[in-house]
Each structure stands twice: as C-alpha cells, then as structure tokens.
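There are 2 protein chains.
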Amino acid sequence: MQYRFSKKIDSLQPSAIREILKATADPAVISFAAGNPAPEAFPVEAVQKITGEILEENPILALQYSVTEGYQPLRDQLTQMVKERYGIGREFDQVLIVSGAQQGICLSAHCLLDGGDKVISENPSFIGSLNAFRSFRSQLVGVEMGPDGIDIDALEQALKDNPNTKFIYTIPNFQNPTGITMSLEKRKEVYRLALQYGALILEDNPYGELRFAGEDVPTIKSMDTEGIVIYCGSFSKVLSPGLRVGYVVAPKEIIAKLTVAKQSADVHTTILSQLICSRFLKEYDFNAHIAGLRDIYRKKSALMIREMDQNFNPAVTHTTPEGGLFLWCTLPKGSDMLAFCKAAVDQQVAVVPGSAFLTDDHGVSESVRLNFSTPTDEQIVEGIHRLGALTKKMF
Amino acid sequence: MQYRFSKKIDSLQPSAIREILKATADPAVISFAAGNPAPEAFPVEAVQKITGEILEENPILALQYSVTEGYQPLRDQLTQMVKERYGIGREFDQVLIVSGAQQGICLSAHCLLDGGDKVISENPSFIGSLNAFRSFRSQLVGVEMGPDGIDIDALEQALKDNPNTKFIYTIPNFQNPTGITMSLEKRKEVYRLALQYGALILEDNPYGELRFAGEDVPTIKSMDTEGIVIYCGSFSKVLSPGLRVGYVVAPKEIIAKLTVAKQSADVHTTILSQLICSRFLKEYDFNAHIAGLRDIYRKKSALMIREMDQNFNPAVTHTTPEGGLFLWCTLPKGSDMLAFCKAAVDQQVAVVPGSAFLTDDHGVSESVRLNFSTPTDEQIVEGIHRLGALTKKMF
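Line order of the protein sequences matches chains B and X.
Residue 251 in my numbering is what sits at position 233 of the first sequence, and the numbering runs on without skipping anything.
Residue 373 in my numbering is what sits at position 355 of the second sequence, and the numbering runs on without skipping anything.
So that you can see chain B by itself, here it is in the shape it has in the complex (with noise of 0.2 Å):
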C-alpha cells in the first residue's frame, strides 16, 4: 500500500536526538545525548507522598475528565508564581495548562502557521521545535548567535527580508542546543524589533530556574506591556519531564485559541500530574529544591568542563553556560564532525551532531551539543576522557 501522507509531515525526519536516544539505550554507550534532568533531581519521596494522598483524598478527581485549560488551582498557583519569579503577567495574560512545553509550541505553533508563513529563529534552536513548526509547513529563517545570544543586525535584516514573520522563536536562557544566554540588551531588542516589524515572540524558557551562575536576566514576557509575548514554561527540568506538564502565559486572545487546538490535540493534560505539581508548589519549598537542582547542575557542568579543559585539543573549543543542561562544543574550521561523532560512537560515547539543531536541514556544522545533567559523574570523566583522545587523534 502506497500511502499519502500529508505535506506537512512527509517530508519530516524523525528527531536525530531521539533517534540517538533509542541507539543509546545500549548500557555500554556513554551518553551525553540526552537532555535528561539528573535522576537525583526527580525528588521521590514527596511525589510519592503526594500521589498518594491525591489518590486517598480524591480519587475521582484524579481519574475523571477534567477541563482543558487546566486544573484552575494550578493556574491560579502559576500565574502567581511566575509573576513573582518573573514578572511576568499583565491584565490582559492568562495561564494555559499544556502537556510539557512541547504542546505549547506545537499548538502555537498549529493556531498562527498558514503554509508558508515564516518562523524566525535562533540558528541553531531546539529541534523539537523546528519539526513542530517545519509539521504546519513554515519556513524557518535562521539567525546566527553571539555569546550573548542571537545577532540583532541580522535579525533586523531577516524581519526586513520577510514580512510575512508570524513569530520568532527564542530560548533566551541557556539556550538548547548551545547554552548561551541572551543579554538584557539584546532582549530589549528583540521585543523592539518584534514590535517594529509586527511579529510575536514565541518565548520558550525551560530551563530558566536551572542558573548555576550568574545572574538571573528578565525574561522578554516581563517586558510584554503590548501583549506580543507567548511564554512556554515547564515543570519537565524542576520536577518531572515523565508528569507532562508544562504552561503558557500569553494574552487571552492568544489562550482561547490555543484552548481550542489542545480540545482537539489531547483533551486535557493528565489531571494526576497537573494534581501532582499543584500541591508540589504548595506543600514542599520550591526555593529550597530548586537551589539542590542548581547544585547538582552547577557541579556537573563544571566537572565536564574541567576535563573537557584538560583533555581536549585546545583547537577545540566550547561554551561555558551559566544554567541549563548543555554545553555546545565546536571543533576546528574544516573538521568532519558527523566523522567525529561516528569514531565518538566506536568509542561508545554518544554526542548530538549539531546539524540536528539547524534551521536549514542541508546545513552543515562543525559543532556538537553535550549534555553534562544525564550522565553520572565517572561517566562525565570517562566519556571526556575518550572524546579528549578523539579530539588529539582527529585534529
């Protein structure tokens, strides 16, 4: 049988990083692939405990339909929370629950996109979201990073070059794949610019909470005094990625769209999760645990680096992020990087090439992304250690 697919999604590829991720389900491989939380960060004990009251207390709550937009008390908790931690909110926002951060892209991404429509955004950007948007047939333009995050020049000149921008797509904070963050500056001139050339920022802030160093920058919703802001948030890197439960604040216009494609999309988000992060927030300190996530993040990403530092060819060189799971690593002008990952595979270490990451599917990158939060510490050692003598070998 010959089948007819939709346009839409016949020419999408399946996830390079997830296709890695099944390859690395092997014990022996050392991965740093993922984009795992470290599995200490998952606090067991007070899920379990809360689960178990949930489903003692009110278990019908927990097991029947519930409503679309989300669990009104975890709403409520949010649209708190993120106004305190973020200043994000205004008359004019409301909270959406969504099934992880994910959903939220994809359903913005499902309500703004005709075919054709352009989506500008960081090159390179989370994969995730470059098939969510390339699956509703727009095109993405890319534009180049600084260490300081995205190129404001040339994002005038992409707004410029294509009127019909429905949304720029931005992780301003410890940006996946790279781990840059973007400056306070430059988030000023991206809503600016947004603003100037009438398109919306698709803000996507997963890991926000996670910063080991440095310190914290306003997100661009905080800014968001005209309403052009979608802001995608997530509980999948501060509690749990299995829950699926993540948020969007965006204004109300915007929500009741959304609302509708997620009846369509899923229903609801699972209502034990969403009962499950609800009473996280409320009964345990969020600062306190969030702080212990900090530490093991801050610890790994520094052990990785220390031996990337002493082990790697110097021609090869890396990001140093200040937060987040990942650091972007960039070999010599010239080298063969997809080679590189190759011989890392021999060696049993897995590393995401980092033409999964751009915007053009033809591109070509001399960069890998590596993730410090999944592996345990003597992996961290001895996976550098063998990337190191690959480094010194190829280059």
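Among the hints, erroneous ones may be present.
Repeated chains share a single entry, so a pair holds when one copy, or any two copies, can fit it.
As the list claims (entries may be wrong) - As a list, the in silico EDC-like pairs of lysine to aspartate or glutamate whose alpha-carbon atoms are at most 20 Å apart:
#  : residue 1 : residue 2
1  : K25       : E271
2  : K178      : E400
3  : K317      : D395
4  : K270      : D28
5  : K300      : E102
6  : K25       : D135
7  : K300      : E340
8  : K25       : D132
9  : K25       : D354
10 : K270      : D94
11 : K206      : E233
Calculated directly from the structure, the hints in this document are not laboratory data.
Place chain X on chain B using the hints.
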C-alpha cells in the same frame, strides 16, 4: 493587538460540549450533557495500590523522560489484547501509545490531511474528531446513518463525488452521539468501498468494551488484510480518562509518521499513566472489571429509557443503544430543537444540541444527545421527568 491566527484555527469554535460542560459546573444542574464515566466505574483501590507500588519500585522510570512510541511492555500487552479481544493486528501493524484516543485522531489528521482534502464521516459524529479534522483545513463530507449504521449507498456516492477523500471516519460501536452500532454487513461494505476508492479508514472504538446488550460485532480493523485501517482505542472509558492513555494500531509506515508528529506534539504520553495502565492489565482481572462496568451502564441506560418511555411525549423518539454512554433523542419534525435545549436549561437540565455534531457547521438538527453514564439514578429520574414535561408542553 490584532492577532493573525492560522486559517486552520481561526474558523474553529470551542467545542459546544465542553462549553456546556463548563456551564453545568453549577451542581444544581442535572447534566445529561457530559460523556464522563460513572464515578463508581473507577477501580479506585486498584489504582491507589498500583500507583504506590510503581512509585516505590521504580520512581525514576515513572518521572523521567520516556520514548515517544510508548512504554514497550504496555505496547506488547496491547498488541496481545487487541489480537485476543478483537482479532486486530497483522504482520504489518504496530501499536503506538497516545495521550487519549483524541490524540490518535488528531495525529492521524495532522499526518494525512492537506488543506482541501476530504474526510467522509458519519453524520452526526463526535465533535472532538470533527474539529480535529477541521483544524487541518480538510473538508468534511457527512453521510447519514440508519439504525444499523452508515448509509452504504450514500457512502459510495460520497466516495465517487470526492476523489480526494483521504479517509472515512467511523465509530462503529455505540456511536457518539447516536448510540448506533454498525452491522457486520455494513462494516464489510465500508471496508470494501474504502479499498475500491483508495481511501483509508479511521476506526474510532472508545466504547467497544462497554457492550451491555446484544452480540459483539467484529471490528473493521479485524478485516484489514490490505493495511488501510487506522484503529484508535482508549483506556478512558474502561479505566480512567484523567490518565489520558489511548493507543493506535496501524501499519508500520503510518505509525512511523504518527510517531514523528507525536514527538512534536507532546514528546511522549505521561509515563506514570502508562505504567498504571500496564500494571492494571497485568495484575487485575480486566474481564471482571469490564463486566462490572457493563452492569453499571446497562442499568443506567435501562433506567433512562424506561423513564423516557413513561414520561416523554410519544412523538419524541430515541435510539436504544447496545452499549456505550449515549442515546440520541429526536424531537417531532419541525421542532425548534435549540428552543427545547434552552427550555431544558431553564429547568436545570443540560442536554447537547444535535447540531453540535453535524459535519456541516450550519446544518439543522432536530435531535439532542443524552448521556446516561454521568448522572446518578436519582438525577436520571428527575431530569427525564423534567424533560418529559417539556416535551409534552412544547410539542
């Protein structure tokens, strides 16, 4: 700010059902408008025990990221279950775990429909599915139903008239909203015609286990020698809708595309929910549990029908479903159905206007959908009495 939404979403209105659900949050209203399982249908103690064990034995598995395809042991269990229970599954088929059958419908639409493609559907049909198809800019072609399912001659004519039909959407068992079950003969004809005219079939079977009268009829998927049927099942009506776990059985090539779309949609289905379903199937007597559900709904539907037959104006007719959660009540020819629904709300009884389920947004209906699973027995008696008085007063 004037937002420019995608054409796909801009015309879509919020589901009338969910809007009514919200309106009926008033506990004084007797709601026949929902589609919720009866509260007594939930195996609360089993879920409490199972969930505690999962979080005790393997908390990291339950909280960490998981694979898009779904928890492999659950996929294996479902492969076996649909084979044993429905004769579903050939060499070329695979199982994908989704976030409720609704997601299976939505992903199928995303993967198959380009703007202007046609979807042929029973008319009336489930609004959640119709809206998913609309949201990908397909055109709906409605085919009327008889007491034993879709009108086969009209279906063939629709296939002739619409050569760009991508698939036929059907709920063969205890259809939502009508409660009608398609005969075996018609199922064979639907399959034959789909094959002849090069259309796929999207078979939605959320209620299949809830048969409380008559004999099981084979699924269309069980006849699928050629790999043209996408089958959607769900734990929502047999375990818990709040968990959001459903599944799709379809040829590998289709599952591969659905998986890519699911990566963008929500990465994976809540893994704790999947673990609960898997363990429930493994450790509890599913047949005995289902027998209990059938008893509940057999009694509730019989009660509603008895009260209708005793209290309604005899000019009002209704279907007599052999399973599921709904029956379809048709007012005398020329009645103002919406006026009846409004008068019912004035009497504190909520029903869903039949027009909500039509493939044509502007179509006219003289029917309403009544749900017998959610209200208590007392509410059924009282609510039907109030509606009965209205039918006698208004017609």
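Verification of the supplied hints:
1. K25 - E271: Classified as between; 15 Å across copies, 29 Å inside a copy.
2. K178 - E400: neither (48 Å within a copy, 65 Å between copies)
3. K317 - D395: Result: close within a single copy only, 9 Å intra versus 60 Å inter.
4. K270 - D28: between (33 Å within a copy, 15 Å between copies)
5. K300 - E102: within (15 Å within a copy, 45 Å between copies)
6. K25 - D135: both (15 Å within a copy, 12 Å between copies)
7. K300 - E340: Answer is neither: 28 Å inside a copy and 46 Å across each miss the 20 Å cutoff.
8. K25 - D132: both (13 Å within a copy, 7 Å between copies)
9. K25 - D354: neither (32 Å within a copy, 43 Å between copies)
10. K270 - D94: For K270 and D94, only the intra-copy Cα distance (15 Å) is at most 20 Å; the inter-copy one is 43 Å.
11. K206 - E233: within (17 Å within a copy, 67 Å between copies)
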